[in-house]
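Modelling step: build the complete structure from the supplied sequences, incorporating the hints.
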Amino acid sequence: MIIDYVGVKEINGSLIVMDGVKGVSNEEIVDIRLDNGTMRQGRVVQIEGERIVVQVFEGTRRISLKNTRTRLTGHPMEMPLSPEIIGRVLDGAGKPIDGLGDIFPVKKANINGTPINPVSRVYPKNYINTGISTIDTLMTLIRGQKLPIFSGSGMKHNDLAVQIVRQAKISGANNSNFGVVFAAMGVQKDVAEYFRKSFEESGVLSRVVMLLNLSNDPIIERTLTPRCALTIAEYLAFELDMHILVIMTDMTSYAEALREFSSSKGEIPGRKGYPGYLYSDLASLYERAGMIKGHNGSVTQIPILTMPNDDITHPIPDLTGYITEGQIVLDRSLQGQGLYPPVSVLPSLSRLMKDGIGEGYTRADHQPLANQLFASYAKVIDARSLASVIGEEELSPTDKKYIEFGRLFESKFVNQGFNENRSIEQSLDLGWELLSTLPRAELDRVDDALLDQYYKGND
Amino acid sequence: MTDRKAFIYGINGPVVTVKNTDSFEMMEMVHVGKQKLVGEIIGITDDITTIQVYEETTGLKPGDPVEGTGAPMNVLLGPGIIDNIFDGIERPLKAIEEEAGAFINRGSTVSALDDKKLWNVTMKVKFGDKLEGGQIYATLPETPIIEHRLMVPPELSGEVVKVMPDGEYKLFDTVVVIKDDEGVEHNLTLCQKWPIRTSRPVKERLTSSVPLITGQRVIDTLFPIAKGGTAAIPGGFGTGKTMTQHQLAKWCDADIIIYVGCGERGNEMSQVLEEFSELIDPKSQRPMTDRTVLIANTSNMPVAAREASIYTGITLGEYYRDMGYHVAMMADSTSRWAEALREISGRLEEMPAEEGFPAYLPSRLAEFYERGGRAEVLSGGEGSVTLIGAVSPQGSDFSEPVTQNTKRFTRCFWALDKGLAYARHYPAINWMDSYSEYFNDLDPWFKENLGEDFIEYRNRISALLQEESSLMEIVKLIGSDVLPDDQKLVIETARVIRVGFLQQNAFHADDTYVPLEKQKLMMKTILHLYEKSKDIVAKNIPLSKILNLGLFDKLTKMKYDIPNSKPEMFDDYIKEIDEKLAAIS
Numbered sequence: 010m011i012i013d014y015v016g017v018k019e020i021n022g023s024l025i026v027m028d029g030v031k032g033v034s035n036e037e038i039v040d041i042r043l044d045n046g047t048m049r050q051g052r053v054v055q056i057e058g059e060r061i062v063v064q065v066f067e068g069t070r071r072i073s074l075k076n077t078r079t080r081l082t083g084h085p086m087e088m089p090l091s092p093e094i095i096g097r098v099l100d101g102a103g104k105p106i107d108g109l110g111d112i113f114p115v116k117k118a119n120i121n122g123t124p125i126n127p128v129s130r131v132y133p134k135n136y137i138n139t140g141i142s143t144i145d146t147l148m149t150l151i152r153g154q155k156l157p158i159f160s161g162s163g164m165k166h167n168d169l170a171v172q173i174v175r176q177a178k179i180s181g182a183n184n185s186n187f188g189v190v191f192a193a194m195g196v197q198k199d200v201a202e203y204f205r206k207s208f209e210e211s212g213v214l215s216r217v218v219m220l221l222n223l224s225n226d227p228i229i230e231r232t233l234t235p236r237c238a239l240t241i242a243e244y245l246a247f248e249l250d251m252h253i254l255v256i257m258t259d260m261t262s263y264a265e266a267l268r269e270f271s272s273s274k275g276e277i278p279g280r281k282g283y284p285g286y287l288y289s290d291l292a293s294l295y296e297r298a299g300m301i302k303g304h305n306g307s308v309t310q311i312p313i314l315t316m317p318n319d320d321i322t323h324p325i326p327d328l329t330g331y332i333t334e335g336q337i338v339l340d341r342s343l344q345g346q347g348l349y350p351p352v353s354v355l356p357s358l359s360r361l362m363k364d365g366i367g368e369g370y371t372r373a374d375h376q377p378l379a380n381q382l383f384a385s386y387a388k389v390i391d392a393r394s395l396a397s398v399i400g401e402e403e404l405s406p407t408d409k410k411y412i413e414f415g416r417l418f419e420s421k422f423v424n425q426g427f428n429e430n431r432s433i434e435q436s437l438d439l440g441w442e443l444l445s446t447l448p449r450a451e452l453d454r455v456d457d458a459l460l461d462q463y464y465k466g467n468d
Numbered sequence: 412m413t414d415r416k417a418f419i420y421g422i423n424g425p426v427v428t429v430k431n432t433d434s435f436e437m438m439e440m441v442h443v444g445k446q447k448l449v450g451e452i453i454g455i456t457d458d459i460t461t462i463q464v465y466e467e468t469t470g471l472k473p474g475d476p477v478e479g480t481g482a483p484m485n486v487l488l489g490p491g492i493i494d495n496i497f498d499g500i501e502r503p504l505k506a507i508e509e510e511a512g513a514f515i516n517r518g519s520t521v522s523a524l525d526d527k528k529l530w531n532v533t534m535k536v537k538f539g540d541k542l543e544g545g546q547i548y549a550t551l552p553e554t555p556i557i558e559h560r561l562m563v564p565p566e567l568s569g570e571v572v573k574v575m576p577d578g579e580y581k582l583f584d585t586v587v588v589i590k591d592d593e594g595v596e597h598n599l600t601l602c603q604k605w606p607i608r609t610s611r612p613v614k615e616r617l618t619s620s621v622p623l624i625t626g627q628r629v630i631d632t633l634f635p636i637a638k639g640g641t642a643a644i645p646g647g648f649g650t651g652k653t654m655t656q657h658q659l660a661k662w663c664d665a666d667i668i669i670y671v672g673c674g675e676r677g678n679e680m681s682q683v684l685e686e687f688s689e690l691i692d693p694k695s696q697r698p699m700t701d702r703t704v705l706i707a708n709t710s711n712m713p714v715a716a717r718e719a720s721i722y723t724g725i726t727l728g729e730y731y732r733d734m735g736y737h738v739a740m741m742a743d744s745t746s747r748w749a750e751a752l753r754e755i756s757g758r759l760e761e762m763p764a765e766e767g768f769p770a771y772l773p774s775r776l777a778e779f780y781e782r783g784g785r786a787e788v789l790s791g792g793e794g795s796v797t798l799i800g801a802v803s804p805q806g807s808d809f810s811e812p813v814t815q816n817t818k819r820f821t822r823c824f825w826a827l828d829k830g831l832a833y834a835r836h837y838p839a840i841n842w843m844d845s846y847s848e849y850f851n852d853l854d855p856w857f858k859e860n861l862g863e864d865f866i867e868y869r870n871r872i873s874a875l876l877q878e879e880s881s882l883m884e885i886v887k888l889i890g891s892d893v894l895p896d897d898q899k900l901v902i903e904t905a906r907v908i909r910v911g912f913l914q915q916n917a918f919h920a921d922d923t924y925v926p927l928e929k930q931k932l933m934m935k936t937i938l939h940l941y942e943k944s945k946d947i948v949a950k951n952i953p954l955s956k957i958l959n960l961g962l963f964d965k966l967t968k969m970k971y972d973i974p975n976s977k978p979e980m981f982d983d984y985i986k987e988i989d990e991k992l993a994a995i996s
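Line order of the protein sequences matches chains A and B.
If you count the first sequence from 1, you need to add 9 to reach the numbering used here.
If you count the second sequence from 1, you need to add 411 to reach the numbering used here.
No wet-lab data here; the hints were simulated from the structure.
Wrong hints could be hidden among the right ones.
Far from chain A, some chain B residues (derived; all Cβ distances over 12 Å) [claimed, not checked]:
#	residue
1	G454
2	G481
3	P483
4	D692
5	K829
6	K935
So, partial list: chain A residues that the calculated Cβ filter (under 7 Å) puts toward chain B [to be verified]:
#	residue
7	E36
8	E57
9	P85
10	L109
11	P124
12	V128
13	G279
14	G285
15	A292
16	S293
17	G330
18	S353
19	L355
20	F383
For every residue, glycine included, the Cβ atom is placed at its ideal position computed from N, Cα and C.
In structure tokens:
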């Protein structure tokens, strides 16, 4: 017997409270029909006896205490899945909006997913060649990794993400088993359009699943978007054995949606008003990257987030950095100097890099070279801060060499064309070429054998 | 207490409430819903009983049954713990994988320890023996290097009325029966249960006087930790907390390692699993896993189980300590545990204190760290639990509540520094901000085992680093050219100390673990060069002449050039220093 519950008891932000509801289960999805015939969906977020709190995805505008009929669906939020989902455009809650009709489901899966058993994970080791010198050499992206881009408003994170998608070469992947899941959360229409066009130009559009929750779409729906995207990605990776790159932008909008929902529910806020469970919530998304024993596919995540006020200690980048396996940090002053991609090398990091590079993967000299570049560039920063006090003229000869090295490093190594695809050998050789401008004795992270082989300086 | 069953009234995230029941006790373990999810009673009023559920609560309904187990949240202690990997409430992840595949399902009923495996048990008591709590009644080889000692549960004592012969037994087989003073018989099997939030009793707590040797130079020499000591490793993301914890877990000289991945990354745990099974322990020539227990409650696993994982870890640690072992427990990271506390406290609508953390955060931290220590155990021997907790301060700000409170209850503080990490100086332990309070306790041991001069070298090394740090203040303002030669010499020597001594390469076969003897000789050689050069500089011979000899660069690389097995090579270095310097003076 299906019961319609008429009316609601309270409305508060995106939440409605209903009374006298029997047989409801936690996290269950409800259908809400307004008296003008429009349908909305909601999710049960709290139960107290027969009183339930429902979060309405499309918002509560036009809902009054009397004009709704609510029906329990008997199941949690599920995503219909089938191989034909590839190439489709969906809204933030996973419903098709490209006019090609509904997806005929082969199976349905709970969008919250279930945690991967740590024992079943395969430790990721195969590197993804992105053709970008800074990333390949210094913060290598590994298949199955989650490597976010920390950016700020107005910076070129979108271009960088597009370039990565266009140039990414995964060993063992080809056109038939490589795919992209793109989740837009609270981004402008033009940004979404930019991604769509870029995918089209690079010929991957037919292998992309797009989920669009634009900035004017319902905010609560935004909290579902990454979950739907990752459910699709897991299905494609672990059931169809595809290599999936998930791009999620912008995680800051997602976290803000979560904050809005949390405060309307009356929860006790943690830092900066974000809910105390922000870490666990973000982790439940980011941790859905990886590889599993017995499956050939992989889920690699590149979440993009704009740091409010470029502040890396803001809760969103801070908590993200604690969960993800490194980060690519973009820097406004580099962008101001006209450098692209404006990757700030020192705070950027890939935690999985150490086991995915070197002999058999990239080249034996990769790790020591990367260490040396980091160490030398750190000294450039010291030399610059000294120069800003006493003037460049007064620096010691070694420090002057560092200043010069820094200049070359930024203009040749970091700076790279939007369409320039450098092979790993090119990038590594370029690194050695730059290091050769420094005195040999300064290169203390590399052993002599490597220096004999690669150091070309005259000192 | 007649009806042990009640029914769900409300659900809010991992918190479930039950109405109108008086059948539960505080901290009792319960099974919630039809899937029998594990939960714990955390609040009781005459109207509402509150339960924290350790698994996802999706799909629970009001009216679903809640059943009490009559006991507090506990873990099963017995053979099979070592070389295993558990989640935060001691469910074996390998067995769950076999049962359910790659994703963890809910309400799993797999036994924590393998109850079908036969263990080769040797009895240590005979009929008529009087046994006290904690006394060993049988032993069995758990792994090739760890002998598992079965102990009478601490609260029991009595006379042995039955002993089975030596032989093979399963986990729940009774091997000894004792009769207590009131004539009640107790069956002793190969396992026992213990509530995770209660510390196991010891005979007497001892002060810490033996260092935990880690083979990491900056820790062993500058900031040593004692066996049974407590240490905190705070650091922002990317500063190498996990890397440092891994290094300690791999190389420290404890008998048993308990590694708790509390709210951390899944891929990191798979790395630990892979690396530890491949690594060979240099002392026993056996894989590291033969002495390691892993507890993996990754960040996406239920938050309440994350809160419990720390207690599960320490309880397992105490159990092995009671057998007379030295246990080291690494918790990565305690901040995630504190956040789990905050999350649950928020769901209970408790009044928050600093930064939303509950007011009882400091007392919970104190309780946890107090469970570490060296002790004379009930079975007669000596054992210890060393606690090393990583702290992930929000926004790398060490003034936040978890770091500050942890500082109060730990005696070693290894502060990781972003600047060092950015320059890829690992371990990025900042020598100015870190400290160890164990010097006084450990100095006698160092004197006895490494000689008086070890402490002298250490003091001189840290004095040089201090001096460099104040000189660098000047250099930052006016450049290094204007310094007199003797001060430049300090800076050059400190550079050798920083790059050649403090910095340590975890991926280098020799450098990843360095014995204390070599650490001492390295310090000696560096100081020797410093003293000799100082004499020459005093004679107004320019420093650049000394630097051109390449001795400083040579010492920076001695950590790679001198194998751990050839300490005699240091004599050649000292000879070379003397000869080359004599030539220019």
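Structure-based check of each hint:
Interface exclusion of G454/B from chain A stands, the closest Cβ pair being 15 Å apart, more than 12 Å. Against the 12 Å criterion, G481/B stays outside the reach of chain A, whose nearest CB is about 26 Å from its own CB. With a minimum CB-CB distance of about 25 Å to chain A, P483/B clears the 12 Å threshold, and the non-interface call stands. Every Cβ of chain A is farther than 12 Å from the Cβ of D692/B; the closest lies at roughly 21 Å, confirming the non-interface assignment.
With a cut of 12 Å on Cβ distances, K829/B falls inside the contact zone with chain A, its closest approach being about 8 Å. Remark: the non-interface label on K935/B is consistent with the geometry, its nearest Cβ contact in chain A lying 21 Å away (cut-off 12 Å). A least Cβ separation of about 4 Å between E36/A and chain B falls short of the 7 Å threshold, and the interface hint therefore holds. Evaluation of the E57/A hint against chain B yields a held restraint, the C-beta minimum of about 4 Å falling below 7 Å.
Contact between P85/A and chain B, as hinted, is supported at the beta carbon level, the nearest pair being about 5 Å apart and thus within 7 Å. For L109/A, the interface hint is violated, the least distance from its beta-carbon to any beta-carbon of chain B being 31 Å, above 7 Å. For P124/A, the interface hint holds, the least distance from its beta-carbon to any beta-carbon of chain B being 5 Å, beneath 7 Å. The beta carbon of V128/A comes within 4 Å of a beta carbon in chain B, closer than 7 Å, and the hint placing it at the interface holds.
Interface hint status for G279/A: upheld, as the beta-carbon distance to the closest one in chain B is roughly 4 Å, under 7 Å. Taking 7 Å as the C-beta cut-off, the interface hint given for G285/A holds, the closest approach to chain B being about 4 Å. For the restraint placing A292/A at the interface with chain B, the shortest Cβ-Cβ distance is roughly 3 Å, inside the 7 Å limit, so the hint holds. For S293/A, the interface hint holds, since its Cβ comes within 7 Å of a Cβ in chain B; the closest pair sits about 5 Å apart.
Using the Cβ-Cβ criterion of 7 Å, the hint placing G330/A at the interface with chain B is satisfied: the shortest such distance is roughly 4 Å. Using the Cβ-Cβ criterion of 7 Å, the hint placing S353/A at the interface with chain B is not satisfied: the shortest such distance is roughly 10 Å. Hint status for L355/A relative to chain B: holds, with the closest Cβ pair at about 4 Å, below 7 Å. Interface restraint check: F383/A against chain B, minimum CB-CB distance 4 Å, threshold 7 Å, status holds.
The structure is inconsistent with the numbered hints 5, 10 and 18, although it conforms to all the rest.
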